[in-house]
Amino acid sequence: MQVNVSARHGSLQPGDQELIEEKTIKLRRLYDRINAIEVTIDLKQLDKPSVEIQVSAEHADDMVAHAEATTVIAALDIAIPKVEQQLRKLKARKTDHRTAAHKHIETIDVADDE
Numbered sequence: 001m002q003v004n005v006s007a008r009h010g011s012l013q014p015g016d017q018e019l020i021e022e023k024t025i026k027l028r029r030l031y032d033r034i035n036a037i038e039v040t041i042d043l044k045q046l047d048k049p050s051v052e053i054q055v056s057a058e059h060a061d062d063m064v065a066h067a068e069a070t071t072v073i074a075a076l077d078i079a080i081p082k083v084e085q086q087l088r089k090l091k092a093r094k095t096d097h098r099t100a101a102h103k104h105i106e107t108i109d110v111a112d113d114e
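Okay, so the sequence shown: first residue is 1 according to UniProt numbering, each after it adds one.
What the hints contain is simulated information worked out from the structure, not anything from laboratory work.
Please note: incorrect hints may appear among the correct ones.
[What the hints assert, rightly or not] Cut-off 27 angstroms, straight-line C-alpha distance, at most; resulting in silico cross-link-like pairs (DSSO-like, lysine-lysine):
1) 48 - 82
2) 48 - 23
3) 91 - 23
4) 23 - 44
5) 89 - 26
6) 23 - 94
7) 94 - 82
8) 82 - 26
9) 91 - 26
10) 23 - 89
11) 26 - 48
12) 82 - 23
13) 94 - 44
Every value quoted in this text rests on a predicted model; they were computed, and no experiment measured them.
The task is simple: from the sequences and hints, build the whole structure.
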């Protein structure tokens with residue numbers, strides 16, 4: 001799995017990129033079929049930077065979350081729970097289909113022939 005961190009309209013402070021990679025790599029614990037994570041930080045408005053996280057997983061559409069806050073790390077802390085919720089929903093959708101078929105099986109009572 002690869003994590004790409006990029007910044008638009010400026011550059012990140014020293015140490016921010018490593019911290020962003022640390023926080024986003026933890027998304028793997030929720031869903032192990034993640035192929036790539038892209039984090040784009042837009043520094044056009046310095047007082048309100050925005051963060052976009054795009055997660056691509058096997059056999060699923062890309063999950064995207066946006067957030068704005070006063071700092072880059074605060075915006076990241078808002079966006080990560082949004083992606084986590086999407087990953088939980090994806091995992092539930094992928095695993096629930098196996099158990100749904102068993103609910104529809106009807107049991108037949110066999111009467112004793114005495």
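We went through each hint and held it up to the structure:
| no. | hint | verdict |
| --- | --- | --- |
| 1 | 48 - 82 | 19 angstroms, holds |
| 2 | 48 - 23 | 20 angstroms, holds |
| 3 | 91 - 23 | 20 angstroms, holds |
| 4 | 23 - 44 | 23 angstroms, holds |
| 5 | 89 - 26 | 17 angstroms, holds |
| 6 | 23 - 94 | 25 angstroms, holds |
| 7 | 94 - 82 | 19 angstroms, holds |
| 8 | 82 - 26 | 14 angstroms, holds |
| 9 | 91 - 26 | 16 angstroms, holds |
| 10 | 23 - 89 | 20 angstroms, holds |
| 11 | 26 - 48 | 25 angstroms, holds |
| 12 | 82 - 23 | 13 angstroms, holds |
| 13 | 94 - 44 | 38 angstroms, violated |
The structure shown violates just one earlier hint, number 13.
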